[in-house]
Amino acid sequence: QKEVEQDPGPLSVPEGAIVSLNCTYSNSAFQYFMWYRQYSRKGPELLMYTYSSGNKEDGRFTAQVDKSSKYISLFIRDSQPSDSATYLCAMKVTGNQFYFGTGTSLTVIP
Amino acid sequence: GAVVSQHPSRVICKSGTSVKIECRSLDFQATTMFWYRQFPKQSLMLMATSNEGSKATYEQGVEKDKFLINHASLTLSTLTVTSAHPEDSSFYICSARVPGGLETQYFGPGTRLLVL
Numbered sequence: 004q005k006e007v008e009q010d011p012g013p014l015s016v017p018e019g020a021i022v023s024l025n026c027t028y029s030n031s032a033f034q035y036f037m038w039y040r041q042y043s044r045k046g047p048e049l050l051m052y053t054y055s056s057g058n059k060e061d062g063r064f065t066a067q068v069d070k071s072s073k074y075i076s077l078f079i080r081d082s083q084p085s086d087s088a089t090y091l092c093a094m095k096v097t098g099n100q101f102y103f104g105t106g107t108s109l110t111v112i113p
Numbered sequence: 005g006a007v008v009s010q011h012p013s014r015v016i017c018k019s020g021t022s023v024k025i026e027c028r029s030l031d032f033q034a035t036t037m038f039w040y041r042q043f044p045k046q047s048l049m050l051m052a053t054s055n056e057g058s059k060a061t062y063e064q065g066v067e068k069d070k071f072l073i074n075h076a077s078l079t080l081s082t083l084t085v086t087s088a089h090p091e092d093s094s095f096y097i098c099s100a101r102v103p104g105g106l107e108t109q110y111f112g113p114g115t116r117l118l119v120l
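Residue numbers (my numbering), protein chains in the order written: chain A, 4 to 113; chain B, 5 to 120.
Source of the hints: derived by calculation from the structure; they are not laboratory data. Just so you know, these numbers come straight off a predicted model, no measurement behind them. Any given hint could turn out to be false.
[Unchecked claim] PhoX-like, lysine-lysine: derived pairs with alpha carbons at most 20 Å apart: (1) B/Lys24 x A/Lys45; (2) A/Lys70 x A/Lys59; (3) A/Lys73 x A/Lys95; (4) B/Lys24 x B/Lys70; (5) A/Lys5 x B/Lys45; (6) B/Lys59 x B/Lys70; (7) B/Lys59 x B/Lys24; (8) A/Lys73 x A/Lys5; (9) A/Lys45 x B/Lys45.
[Unchecked claim] Under 7 Å between C-beta atoms, here's a sample of chain A residues computed to sit facing chain B: (10) Gly46; (11) Tyr52; (12) Gly57; (13) Thr105.
[To be verified] Reference excerpt, derived from the structure (chain B facing chain A, CB under 7 Å, subset only): (14) Thr36; (15) Ser47; (16) Met49; (17) Thr53; (18) Val102; (19) Leu106; (20) Glu107; (21) Thr108; (22) Phe111; (23) Gly112; (24) Pro113; (25) Gly114.
All C-beta atoms, glycine included, are put in the ideal place defined by N, C-alpha and C.
I would like the entire structure built from these sequences, with the hints used as guidance.
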């Protein structure tokens with residue numbers, strides 16, 4: 004079983020839709036959770052960072068962590084064509100070992 | 005935020021030559037940097053973790069003699085692909101952690117290597 008599972012998609016939504024991206028994990032010791040956005044042929048960009056459980060909101064983006072279910076989500080409200088990218092979840096306990104999901108490809112259609 | 009740069013952004017070389025890729029932390033000192041490889045439509049594959057002033061720690065299956073990593077200063081790490089072959093063609097991305105900062109890493113823009 005992989006440490007982190009992420010549906011690769013692809014996911015295609017109309018502009019203005021609410022997008023839900025998810026990852027599940029198996030290691031209950033994970034306590035730091037991240038979402039990265041990666042445009043084609045570019046390096047990943049840190050989008051959201053959360054410690055432990057709870058919600059975090061930044062503009063149109065909301066990150067949720069449910070440690071009891073070992074499940075994290077990224078919600079994008081009022082999606083825009085510029086949100087079209089691959090979204091990677093990542094998580095860790097402490098130290099330098101990060102665990103990445105495989106990424107979900109999102110296309111927002113104008 | 006923390007900014008990481010890479011140079012070059014793209015490189016084309018002949019088979020058998022060596023290629024050096026630089027990774028710099030522009031606005032912070034990075035004691036730890038990471039090197040990743042990414043194939044099209046696939047996720048990141050960690051190649052090695054480098055700590056300033058010490059030898060890099062390579063992941064299983066990564067040839068340390070082929071992928072030479074040097075982290076000689078707190079703002080610069082280099083990856084040298086020695087005797088490159090077409091199968092080394094890939095997207096190479098570095099990242100760095102900010103000491104005392106968030107428990108995350110910041111990525112560079114990546115280097116696309118094409119070996120002919």
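### Query
When you check the alpha-carbon spacing of A/Lys73 and A/Lys5, does it fall within 20 Å?
Holds, at about 13 Å.
### Query
Hint check: is the beta carbon of B/Ser47 less than 7 Å from a beta carbon of chain A?
Status holds, d = 4 Å.
### Query
Would the hint on B/Met49 stand, with a C-beta cut-off of 7 Å toward chain A?
Since chain A brings no Cβ nearer than about 9 Å to B/Met49, farther than 7 Å, the hint is violated.
### Query
Taking 7 Å as the limit, does the beta-carbon of B/Thr36 come near enough to a beta-carbon in chain A?
holds, 6 Å
### Query
Does A/Gly46 pass the interface check with chain B, least Cβ-Cβ distance below 7 Å?
holds, 4 Å
### Query
A/Lys45 and B/Lys45: Cα distance at most 20 Å?
Holds, because 12 Å separates the two Cα atoms, which is no more than 20 Å.
### Message
A closest beta-carbon separation below 7 Å is what the hint needs, so does B/Gly114 meet it against chain A?
### Response
holds, 4 Å
### Given hint B/Lys45 paired with A/Lys5 - CA-CA distance at most 20 Å
Between A/Lys5 and B/Lys45 the Cα gap is close to 18 Å, so the pair holds against 20 Å.
#### Entry: Pairwise hint evaluation, A/Lys45 against B/Lys24, where the allowed Cα distance is 20 Å at most
holds, 19 Å
### Query
Can the hint on A/Thr105 be confirmed by a CB-to-CB distance to chain B that is less than 7 Å?
holds, 4 Å
### Per-residue hint verdict: B/Leu106, partner chain A, C-beta under 7 Å
With a closest approach of 6 Å, the B/Leu106 hint holds.
### Task
Measure nothing beyond the straight line between the CA atoms of B/Lys59 and B/Lys24; if it is 20 Å or shorter, mark the hint as holding.
holds, 17 Å
Comparing the model with each numbered hint stated earlier shows that hints 12, 16 and 18 do not hold.
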